[in-house]
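*Asks:* Here is how the chains run, residue by residue.
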Amino acid sequence: MKLYQKLFFATLNRTQLLVAGGATFVGFLLLLIGANYVMQMQNFRSKNELLTDNVYVVQRKITSGGALNLQKTNFSQADMDYIKSQKFIENLQPVTTNNFDIDFQLSDKNMPYMRTDIFIQSILPEFLDIKGIDWHWDSTKAFVPIIIPKEFIVMMNSFLSSKGMPQISDELVKKIHFKFNLKDDGRKESVECRVVGYTSMFSAVLVPDEFMQYASRKYGKEKQKVTQLILSHKKDGFGDFKQFLKDNYLETKTTDLIMGQIKSMTLVLSNFVVALSFLIILLSGVIFSQYAQLLIDSKRFEIQTMIRLGHRSKEISTVIFKYFVRIILLVDAVVVVAFFGAIFPLNAYFFGYGFDFEKLFSIYPFVFLLLINLLLLYSIRRKIGAVVRLYE
Amino acid sequence: MKIELKNVVPLPLKGSLNPQSTCWNTDVELLPAKKIVVQAVSGKGKSTFVNSIYGIRKDFEGEIFIDGISTKNIDADRWSEIRTQHLSIIFQDLQLIPHLTVAENLQLKNELTNHKTVDEQKAMVEKLSLGDKWNTACGVLSYGQQQRIAVVRALLQPFDFILLDEPFAHLDHENAQLCYQMVREEAQKNNASIVLTTLDFASIDEFDQHLTL
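Those protein sequences? They're chains A and B, same order as listed. To convert, note that position 149 of the first sequence is 148 in numbering that gives the first Met the number 0; the numbers rise steadily by one, no gaps. To convert, note that position 101 of the second sequence is 100 in numbering that gives the first Met the number 0; the numbers rise steadily by one, no gaps.
Bear in mind the hints are in silico, worked out from the structure with no lab data behind them. Heads up, the beta-carbon is just placed ideally off N, CA and C, and yes, glycines get one too. Keep in mind that a hint or two might mislead.
Below, in silico cross-link-like pairs of lysine to any residue (SDA-like), each with a Cα-Cα straight-line distance of 25 Å or less [claimed, not checked]:
(1) A:Lys1 x B:Thr112
(2) A:Lys1 x B:His114
(3) A:Lys1 x B:Asn72
(4) B:Lys57 x A:Lys174
(5) A:Lys5 x B:Lys57
(6) A:Lys382 x B:Thr112
(7) A:Lys298 x B:Lys34
(8) A:Lys313 x B:Arg77
(9) A:Lys313 x B:Thr197
(10) A:Lys5 x B:Ala102
(11) B:Lys126 x B:Ala136
(12) B:Lys57 x B:His169
(13) A:Lys174 x A:Ser199
(14) A:Lys313 x B:His114
(15) B:Lys57 x A:Arg388
(16) A:Lys298 x B:Thr197
(17) A:Lys5 x B:Lys34
(18) A:Lys5 x B:Ser79
(19) B:Lys5 x B:Lys34
Some, not all, of what chain B presents toward chain A, calculated at C-beta under 10 Å [stated by the list, open to error]:
(20) Val40
(21) Ser41
(22) Ile55
(23) Asp58
(24) Ser79
(25) Arg82
(26) His98
(27) Leu99
(28) Lys108
(29) Arg152
(30) Leu198
To spell it out: a stretch of chain B is covered by chain A in this simulated footprint if at least three of its residues, at any positions, have a beta carbon under 8 Å from a beta carbon of chain A; those stretches are [what the hints assert, rightly or not]:
(31) 69-78
(32) 100-107
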């Protein structure tokens with residue numbers, strides 16, 4: 000093996016090797032870092048949402064006029080059809096509000112008595128992004144799953160505090176027994192309910208649509224009106240969506256829009272980083288590939304001589320190929336060390352800007368790196384094979 | 000091993016063949032265990048003849064058969080076996096690796112065959128008055144010295160035929176005799192044929208089969 004090393008690699012141009020190795024290092028490192036943060040951002044975006052991506056609760060502005068006959072506060076079927084027909088709208092669901100009397104009561108024997116009139120809204124499961132929740136209800140179920148506004152916990156803790164009781168956490172609230180009291184003139188019914196999640200997008204208690212329909216049928220006083228819509232826009236439709244709301248005197252929570260804008264910018268930046276990483280990877284791949292081509296071409300005489308002496312072409316190819324495998328593995332090793340050297344300060348930097356990632360790093364960039372390695376090595380193997388075959 | 004040429008016409012020589020040629024455009028067999036000389040003036044295809052038999056050149060019409068198989072149908076692995084066990088060669092351009100030492104150039108061949116020990120190789124090199132060049136890079140040797148190393152390398156394998164493409168062109172008479180003697184001894188040990196291409200008519204009587212290009 001030492002002889003082969005000297006035969007093929009003793010007279011190599013070290014500057015070319017350094018340039019090719021350096022370019023590959025930069026490309027691989029940027030790919031790892033870029034892809035890592037793109038994946039981390041994706042996780043960050045999804046784990047911080049109750050609702051799925053790009054979803055907003057929209058209502059009319061109180062002082063309004065214009066395109067949609069905005070003197071009223073509810074949405075007609077025609078209004079909804081018009082909104083749904085916009086090319087950037089992906090989905091629309093009317094938010095149904097209760098048209099019956101309902102109150103909400105603490106029914107846990109360890110808790111003080113508390114009861115309050117509330118209004119509830121129903122939301123379909125496809126807009127929810129909470130894993131492991133059965134967002135359905137029928138009369139055989141032991142309780143109605145509900146999602147409550149985050150402010151409700153603050154309110155409850157204030158109440159408990161005033162009663163001299165300890166405050167409770169988000170998780171503990173999920174274990175407390177509550178009940179809904181439904182009533183009309185002469186009838187009354189209690190249904191147990193449990194908190195399964197929290198929302199900052201709705202100010203009402205959310206219930207499954209089946210429960211809303213059940214209660215409306217039994218205790219409803221008038222036809223249900225749609226005063227809010229849940230809209231989701233297409234991935235690249237945030238700009239159009241925002242403009243549409245403005246033009247049609249619709250509004251959503253300002254914080255949601257700002258969040259949407261941040262998400263949209265993050266998405267654009269992520270895509271840019273990915274595109275840039277791939278461009279750099281492509282360039283470094285081309286540089287390394289050119290280096291491989293140069294090296295193989297510069298060793299044509301040695302390859303030819305060995306084949307003429309009776310060496311097998313497969314063995315010659317393997318010797319040269321292993322050289323490139325060693326270089327790429329070496330670059331990979333340096334890249335991985337550099338990546339882990341950079342990830343802690345970079346994570347700290349992102350944390351400073353509010354990005355508290357769940358994991359230290361994403362595993363997917365390493366899969367990309369492996370794929371790029373395999374592609375590069377495959378192309379080099381083909382180049383070697385093409386030259387060796389010339390002399391068979 | 001049997002080598003036969005059937006109506007071989009090298010494409011570069013097509014149209015300018017010597018009508019008296021006993022190699023081109025006719026059927027000829029290289030006889031086993033004989034000394035064969037291939038004579039021609041410059042430009043008539045001596046290297047083409049050797050390289051075509053050795054499987055390096057394929058630009059010819061007709062067929063060259065090695066043990067009944069056309070050289071055009073012999074795969075790379077079989078060529079590897081032929082070139083390490085049955086057919087040896089001294090290339091006209093020597094094909095030594097300039098940045099490898101004499102020892103390494105010989106090792107490059109001998110590691111395929113394990114035909115000679117290092118001591119035997121050294122003895123052969125010393126016999127050709129190059130013992131002090133053992134660890135010298137071939138690139139710094141004179142062409143005559145390189146020719147002698149190429150001769151030694153060609154003998155580091157068993158063979159049925161050894162193809163010598165004007166192998167002594169840059170050697171003085173004494174060294175040429177030494178080299179040829181060494182080749183002849185190895186050929187006798189292997190019961191093999193020597194195929195020598197030459198411009199030189201001086202010692203032609205020594206050969207058993209005379210071919211003209």
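*Asks:* Hint by hint, note whether the structure agrees.
*Replies:* A quick look at each hint next to the structure:
1. A:Lys1 x B:Thr112: Given that 25 Å is the threshold and the Cα spacing comes to 18 Å, the pair holds.
2. A:Lys1 x B:His114: holds, 20 Å
3. A:Lys1 x B:Asn72: Answer violated: A:Lys1 to B:Asn72 is near 34 Å, above 25 Å.
4. B:Lys57 x A:Lys174: violated, 86 Å
5. A:Lys5 x B:Lys57: Outside the cut-off at roughly 31 Å; violated.
6. A:Lys382 x B:Thr112: violated, 29 Å
7. A:Lys298 x B:Lys34: Not satisfied, since the Cα-Cα distance of roughly 36 Å exceeds 25 Å.
8. A:Lys313 x B:Arg77: holds, 13 Å
9. A:Lys313 x B:Thr197: violated, 35 Å
10. A:Lys5 x B:Ala102: holds, 13 Å
11. B:Lys126 x B:Ala136: holds, 19 Å
12. B:Lys57 x B:His169: violated, 28 Å
13. A:Lys174 x A:Ser199: Answer holds: A:Lys174 to A:Ser199 is near 20 Å, not above 25 Å.
14. A:Lys313 x B:His114: holds, 22 Å
15. B:Lys57 x A:Arg388: holds, 14 Å
16. A:Lys298 x B:Thr197: violated, 31 Å
17. A:Lys5 x B:Lys34: With a Cα-Cα distance of about 38 Å, the restraint between A:Lys5 and B:Lys34 is violated, given a limit of 25 Å.
18. A:Lys5 x B:Ser79: holds, 22 Å
19. B:Lys5 x B:Lys34: holds, 21 Å
20. Val40: Given a least distance of 26 Å, the restraint on B:Val40 is violated.
21. Ser41: violated, 23 Å
22. Ile55: Result: holds, 7 Å to nearest chain A Cβ.
23. Asp58: violated, 14 Å
24. Ser79: holds, 5 Å
25. Arg82: holds, 4 Å
26. His98: holds, 6 Å
27. Leu99: holds, 6 Å
28. Lys108: Given a least distance of 5 Å, the restraint on B:Lys108 holds.
29. Arg152: holds, 8 Å
30. Leu198: Hint violated; B:Leu198 Cβ to chain A Cβ min 24 Å, cut 10 Å.
31. 69-78: As far as the segment 69-78 of chain B goes, the hint holds, because 3 residues have Cβ atoms under 8 Å from chain A.
32. 100-107: n = 3 at 8 Å, threshold three: holds.
In this structure, the hints that do not hold are numbers 3, 4, 5, 6, 7, 9, 12, 16, 17, 20, 21, 23, 30, in rising order.
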